[in-house]
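Undergrad: Chains as they are written, first to last, in the working numbering: chain A, 1 to 293; chain B, 294 to 601.
Check each hint, because a few of them may be wrong.
[To be verified] Below, simulated EDC-like cross-link-like pairs (lysine to aspartate or glutamate); rule was C-alpha separation at most 20 Å, straight line: (1) Lys563(B) x Glu238(A); (2) Lys520(B) x Asp588(B); (3) Lys28(A) x Asp588(B).
[To be verified] Some chain B residues close to chain A (C-beta under 7 Å, calculated; not the full set): (4) Met313; (5) Ile341; (6) Ala342; (7) Leu515; (8) Met532.
The hints are simulated quantities; they were obtained by calculation from the structure and are not laboratory data. Bear in mind that the values here come from a model prediction, so they are computed numbers and not experimental data. Even glycine gets a Cβ: it sits at the ideal position worked out from N, Cα and C.
For reference, the chains in residue letters:
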Amino acid sequence: MILKSQQNVNKKGRSLWYDAWKRLKRNKAAMVGLFMVIIFIIVAIIAPLLAPYPPDEIDLFNVLKPPSAEHWLGTDFYGRDLLSRIIYGSRISLSVGILVQVISLTIGTIFGSLAGYYGGKVDMIIMRLVDIVMSFPSLLLTIAIMVALGPSLYNVFLALGLVSWTGTARIIRSEFMRHRELDYVKAARSIGNNDLKIIFIHILPNCMAPLIITFTMGIATAIMSEASLSFLGLGAQEPTPSWGSIINNGLQYLRTAPWYSLFPGLAIAYTVLSFNLLGDGLRDALDPRMKDF
Amino acid sequence: MLQYLLHRLLLIIPVLFGVMILTFFLMYVVPGDPVLTMLGQHATDENIARLRAQFHLDEPWYYQLYNYIIRTLKGDLGTSYLTHIPVRDALIEKLANTARLALTAIIVSIVMGVTIGIISAVFQNTWIDYAAMTFALLFISTPVFWFGMVLVFFFAMKLGWFPISGMGDGSIKYLILPAITLGSRFAAFLARYTRSVMLEVIREDYIRTARAKGVKEKFVILKHALKNVLIPVITVIGMNLASLLNGSVLTESIFAWPGFGRYVVSAIQKRDFQVIAGSVLVGAVIFVFFNLIVDLLYVALDPRIQFD
């Protein structure tokens, strides 16, 4: 009897997260995505152990060599081992993905929660700012910011973060607008909590699900955007082994050394695909309302 | 409808001012003196001062901003520091080329995306469906510029079916590879979205009625269900307008297509700030108006959506 009631208690105490995890586990595509993401993160962390050569080691006797036993994916214009450069490139992509999302989620959450919580004029001003940023095609605005800041990897983090926060702000705003009228918020207010505490301690934890979805999907977008910027020569500069800039450098040898640009593109596709698969799955698991969209 | 349109147009005005101010400040804080870029080796103190005065670069920022807004409103987007061609004239020509590319890309991707989406829905949970949706996800995850490069390698360099780059004499063979490149992601989004809409539609009562009446399956799908796909096409176009414009920048640089995107990219390489500023601004204005058109089409096509 005791056991049975304990079981009941456990069942009742099952959290939203546990349910979501169960739903996620049932989703094969999402689990493939999760597995691919974990592999990507491991590769990025242990890059020095995996890479057969240092990523910047120049070998002018082995320039533009096709894939071989010594250089599995061939070499680039400076004779650098492409496999090693692609392995190290995963570190750039991972840091771009995470840092850009941290910047963009921070800005988006602060603006979105203020707009949604206070409404009125605050909301009006913040939403006009969102409108202005969103009225630029994202790549053009990023290009303008990068031109202003100058090309470097740190500026890529900043530029992409400054461009991509609007989606988060909109989502968080609508969550806050829904929550601020709910009883628990009224109760929190009635016992004398101040606004900051209500926003960050009471409401924000209830917005975790959309934040997690945005974070995962945003990593894919950020990695793709960084690759595009580096491809245009505005992102990471030599000798940083960014996948986008490797493709850009290889482009002029497309006819004679197609492997140069081919493999880093596959790496981008793999990584973006893995985060998209996981993100799709998380969306279905955490927020059934957003399904099919 | 008219009221809605006026309301939306009024809302656009402050946004466009914001866009102008933001563009101005991004170009204002640009490190390095554009005058030095312009003069190159001829940069003497005298020359620098003369040019700075000519372009009002020696005035305080608020005066420059005021000037910038006034002349932009008059339709003057400045003149390229390097080629001395007015940015507006260059943009009109380049945008025509981009429009040609983008329209072809949209048509190609609508045909491909909708067809694949319908087939996927009709054969739901078969290998055809799985294969189609896997391909769609792969295309969404593939960088546009890399896909274009792969197409160039196989179809232009190895097989020689298409020219490698440029617009040549303007014939269709120059257009095919860039249009497929630009349309690929779009087609993939469309296939996914069409599939999910079709899956909902083919479970509706009126489809069941049509089947019950003995209408052939082919007609049920093509005549009754397909009508409902128009809305998702507009939705996907709306959601991916930005990705289409971004994609055109990347696609045009791969294929050396003489359009808007390539114009911007070559201006970045030459640090031709007037061109960058003008293009970014025009890009934003076009984007704002296309979004408005998409919203209007939406309202016009779907009687269930009310003016808001």
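Undergrad: If a hint holds in the structure, say so; if it does not, say that too.
TA: Consistency of the hints with the structure:
| no. | hint | in the structure |
| --- | --- | --- |
| 1 | Lys563(B) x Glu238(A) | holds (19 Å) |
| 2 | Lys520(B) x Asp588(B) | holds (19 Å) |
| 3 | Lys28(A) x Asp588(B) | violated (36 Å) |
| 4 | Met313 | violated (10 Å) |
| 5 | Ile341 | violated (21 Å) |
| 6 | Ala342 | violated (24 Å) |
| 7 | Leu515 | violated (23 Å) |
| 8 | Met532 | violated (9 Å) |
Taken one by one, the earlier hints fail for this structure at numbers 3, 4, 5, 6, 7 and 8, listed in ascending order.
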